[in-house]
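S.K.: Could you slot chain B onto chain A? The hints should help.
Protein chains in written order, with numbering that gives the first Met the number 0: chain A, 0 to 338; chain B, 0 to 327.
Incorrect hints may appear among the rest.
Claimed, not checked - Simulated crosslink set (BS3-like; lysine-lysine; CA at most 27 Å straight-line): (1) B:LYS131 to B:LYS89; (2) A:LYS108 to A:LYS132; (3) B:LYS83 to B:LYS7; (4) A:LYS2 to A:LYS241; (5) A:LYS269 to B:LYS7; (6) B:LYS245 to A:LYS269; (7) B:LYS39 to B:LYS265; (8) B:LYS131 to A:LYS269; (9) B:LYS39 to A:LYS269; (10) A:LYS32 to B:LYS265; (11) A:LYS203 to B:LYS265.
Quick caveat, the hints were computed from the structure, so don't treat them as lab data.
Here is what each chain is made of, one letter per residue.
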Amino acid sequence: MSKNILEVNNLSVSFNTSDGQVHAVDNLSFNIKAGEVLGIVGESGSGKSVTASAIMGLLTSGNVNLSGSIKLNDFEIVGAKDSEVRKLRGSDIAMVFQDPLSSLNPYYKIGVQIGEAYETHHPDASKAEVRNKVIEVMKKVGIPEAERRIDSYPHEFSGGMRQRVVIAIALINDPKILIADEPTTALDVTVQAQILDLMRDLQKTSNTSIILITHDLGVVAEMVDRVLVMYAGRAVEVSDIKAIFSAPIHPYTKGLLNAVRSLDSAIREKLATIPGTPPSLLNIPQGCAFNPRCSYKQWAGDKCLVQKPELHEIGNGLTACHLSKTDIERMNKDELPVV
Amino acid sequence: MSEALEVKNLVKTFPVGKKGFFSKPAGYVHAVDGVSLAIKSGETLGIVGESGCGKSTLGRVMTHLLPATDGQVLLNGVDVTRAKGEELQKLRRTIQMIFQDPYSSLNPRHTVGRIVGMPLVVQNINPAQGRKKRVQELLELVGLNPEHYNRYPHEFSGGQRQRIGIARSLALEPKIIIADEPVSALDVSIQAQILNLLQDLQKQLDLSYVFIAHDLSVVKHVSDRVAVMYLGKIVEEAGSEELYSKPMHPYTLALLSAVPEPNPEKVRQRILLTGDVPSPINPPSGCRFRTRCWRATELCATTEPPLVQISTNHKVACHFPGPTPLPN
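Just chain A, with the same shape it has in the complex (with noise of 0.2 Å):
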């Protein structure tokens, strides 16, 4: 077993507003191993971003409430200075936004935009050196005729390839920990399928781990390792791939795999849904935050009103559910009778 990269343990972050305090991440914790590729999934407004925005230390401004704990090689970035944080920032770990449109200046070349990540970590590098290796990972991710389209504005761009300048500025200081926010959402199916890819192939070669936080769980199982689910700012569960599709342990997770289409369900076939909508995180439910949508909560009896779930192991992976695990098991033969 390969050692943990990244270690995150009870971290809480919560904002204030002028409508009261928003707990974004309650008590979250997880940690990654090199090479790994764990997915984070979940709604809107389930903590997902915040929780990108708190490995890579922006979470600094006055109105944030952080604890806990985030290690990076023994490194523990919660309450580190700035300026130590930034040394790592684009060199151990990256970040590739959602949005390649927004996430490049449109002002600046790309050859600078990318070559800026290059000389902050490398001060000393001389300008040819810089514009060689932003040529080299300008090919690596795949960008046809570097040399020349290196001098090319955002603009002169697909969103595809807007979108692998963003990937390109993340690698090129060889990141161990790579965090991809919904990176394909804003793109077409082929160009993600090209993207997703991309991605796939750049892992393979570097062992980078990578945390791709997505909302599309066919995304998620063509790509992840283990995945992450998250709801209003708790980890339900946490799985390996293969026993997150087939034998899911959180009633959550498997409302959400029921609500998926696939391109072999039937056709004018009814969806199952969950009923209700995801909480307020102004105003989450007492207990288990799930438990006003919640199908199996009888069987719990009265703990899903009271008690928050903590994650615990259920067979393989971790649940935050007051099921017992013969209830789970049923759950998932569909022998456990809903409300």
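M.R.: Using the frame of chain A, we list chain B on its own:
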């Protein structure tokens, strides 16, 4: 089944690169270029394609939110594109639209009651039970609480807002609804709720849908028939079962193979298309897909393949149609 809506040779171009007021435009974006379609009553026609293929423009021209450059949109035999004034206003009652973004398609300063009731005001319709009562019925129909009549859009979640948009589109009791990416802005668990609602309403009110989306699995779920668009043209059209089991056009094959499947155990052969969609200002000669197609020959560069019937329920526009993917 009778035809509820028929589109004949519809063309929509937008001028680009106009320098001065009197100068001629430098070129035209051929957003929709000779599209013919028919929607039967009670049927759902899915239109799929990538961004820039003209699917949204097609929807807007069909509802006459944009004037057509050429061609006809026939609604019960009347050409919508030529209709004006009172006649057009009457036609609008039969065809309504649901928009993609439930955040920007509802006026934040209007109450839900006003938003949903607005079509009645515009069309000067006074239902027997009164407008307020009618709006409350509509809210109930789409699964909202009629007591929320006086609330504002910001008090609702994305899924609930989309329900408000649906209620508004139903206010005039239309026969046809054009839904332009109605669920793509919503979370997965909410998407399923809205798709089910649309299907229930269709049965209840005998509606025809034109369902525009980029997501092939969503389209499969709701459609009886599917048309695939590429650069302003329909490249393949077939019954849903047929299209998904026996796709014939190489673009459809590639599109289907690119969809990420929520099944980690499934091994598929993926067709990776090279490059991006060409610019619709200067589309490639002959077949528009040839620049990305692995079957393309010289014939494809010179002659545009017409959309031809290959079986009762299947049309394809390709010189070399076939189900087996053979990319090199």
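S.K.: For a C-alpha distance cap of 27 Å, please report whether LYS269 of chain A and LYS7 of chain B respect it.
M.R.: violated (33 Å)
S.K.: Quick one, are LYS83 of chain B and LYS7 of chain B close enough, alpha carbons at most 27 Å?
M.R.: Holds, at about 19 Å.
S.K.: With a cut-off of 27 Å on the C-alpha distance, tell me whether LYS245 of chain B and LYS269 of chain A pass.
M.R.: At roughly 23 Å apart (the allowed maximum being 27 Å), LYS269 of chain A and LYS245 of chain B satisfy the hint.
S.K.: Could you grab the alpha-carbon distance between LYS131 of chain B and LYS89 of chain B and see if it respects the 27 Å cut-off?
M.R.: Holds, at roughly 22 Å.
S.K.: Taking 27 Å as the top limit, are the C-alpha atoms of LYS39 of chain B and LYS265 of chain B close enough?
M.R.: violated (36 Å)
S.K.: Straight-line Cα separation of LYS108 of chain A and LYS132 of chain A no greater than 27 Å?
M.R.: holds (15 Å)
S.K.: Between LYS2 of chain A and LYS241 of chain A, does the CA-CA distance stay at or below 27 Å?
M.R.: holds (22 Å)
S.K.: Decide if the proposed pair is consistent with the structure: LYS131 of chain B and LYS269 of chain A, CA atoms, cutoff 27 Å inclusive.
M.R.: Violated - the C-alpha atoms of LYS269 of chain A and LYS131 of chain B are around 32 Å apart, more than 27 Å.
S.K.: Is the Cα-Cα distance between LYS39 of chain B and LYS269 of chain A 27 Å or less?
M.R.: The hint holds at about 22 Å.
S.K.: Does the structure keep LYS203 of chain A and LYS265 of chain B at a Cα separation of 27 Å or less?
M.R.: holds (20 Å)
S.K.: What's the verdict on LYS32 of chain A and LYS265 of chain B, does the C-alpha distance respect the 27 Å limit or exceed it?
M.R.: holds (25 Å)
Comparing the model with each earlier hint shows violations of hints 5, 7, 8; every other hint is respected.
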